[in-house]
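Asker: Protein sequences appear in the order of chains A and B. With the working numbering applied, the first sequence covers 1 to 203. With the working numbering applied, the second sequence covers 1 to 76.
Everything labelled a hint here was simulated from the structure, so no lab data went into it. Quick caveat: nothing in here was measured; it's all calculated off a predicted structure. Please note that a few of the clues may not be correct.
Ranges between beta-carbon positions, derived for each pair [to be verified]:
| # | chain 1 | residue 1 | chain 2 | residue 2 | range |
| --- | --- | --- | --- | --- | --- |
| 1 | A | 75 | B | 61 | 27 to 33 Å |
| 2 | A | 37 | B | 75 | 32 to 38 Å |
| 3 | B | 22 | A | 20 | 54 to 60 Å |
Cβ coordinates follow ideal geometry from the N, Cα and C atoms, glycine included.
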Amino acid sequence: MAHAGTVELMDAEPEDAQRLATEARDRVRFEEDALALSDQVYRVARYLASSREDADELMQETYARAFRSWRSFTPGTNMRAWLLRILTNLNIDRGRRQQRAPQMQPLEANDYYLYDKLAENGDGISDEDQVVERLSQDDIVTALSVVPHDFRDVLVLVDLGDFSYADAAQILDIPVGTVMSRLHRGRRILKRELAESALEEAT
Amino acid sequence: MTDPCAHCEEMMQPYLDHVLTDEEMTQAEAHLSECVDCRKRYKFEESLRIYVRKAVTEQMPEELRVKLSALRIPLE
């Protein structure tokens with residue numbers, strides 16, 4: 001519709017033309033800023049979603065929505081958080097998340113469980129870094145995908161996305177106290193899963 | 001008297017997240033300074049967090065980058 005746009009500009013009063021030009025410039029800048037953040041958004045999206053395909057779709061839906069509703073972004077605020085708020089809402093709305101019933105959630109062990117299990121099987125390894133290295137990268141990715149979504153959302157935003165508790169609370173629209181308790185439980189569930197896979201490999 | 005290691009375990013996550021109160025911080029550090037097991041477990045938790053962050057490094061596929069750019073709304 002290039003032609004119609006040109007006519008509109010020519011017919012407009014000078015201040016309207018000015019306004020349209022400013023708006024076009026702001027929108028282009030918004031789109032460029034949003035695209036520049038896509039690697040960082042993807043890093044979080046990939047692990048919020050259950051699969052690469054889901055992450056791919058979620059990213060496209062998020063950016064399509066962001067480009068349509070760019071006016072609702074307040075310049076100077078955290079755009080990465082704004083994009084992830086759209087993304088987490090879409091993830092929840094689309095019912096992609098197969099929620100487990102509460103009683104199906106894995107029982108978390110205490111916070112020391114994983115270290116104690118690994119150290120127990122480690123022939124007296126004394127260096128904590130060597131204990132960590134007994135876990136493989138695949139173990140971690142698999143364990144993360146097993147953490148139920150409510151816990152994983154917070155875990156991924158805070159521990160992988162480096163969001164503060166307050167940002168995560170705003171993105172997910174839950175109280176800060178809930179962020180903290182879900183984060184603590186999420187980390188424990190992750191460690192329990194890691195302990196299980198490490199023990200399976202050891203036997 | 002509660003088990004000091006169990007109490008220390010409860011404080012580990014908030015300790016590493018830097019959200020303990022000063023008083024709790026002092027308590028945790030007092031126990032950590034005398035308990036080598038808890039100290040190792042805290043150190044492990046710290047290493048684990050770094051390790052998890054390093055493990056999840058999947059990059060955005062180039063095709064997706066192109067698709068996202070294509071979603072931009074063209075100027076009229």
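Asker: Now tell me if each hint is right for this structure.
Answerer: Hint check:
| no. | hint | in the structure |
| --- | --- | --- |
| 1 | A:75 <-> B:61: 27 to 33 Å | 30 Å, holds |
| 2 | A:37 <-> B:75: 32 to 38 Å | 21 Å, violated |
| 3 | B:22 <-> A:20: 54 to 60 Å | 56 Å, holds |
Consistency note: the structure conflicts with earlier hint 2 alone.
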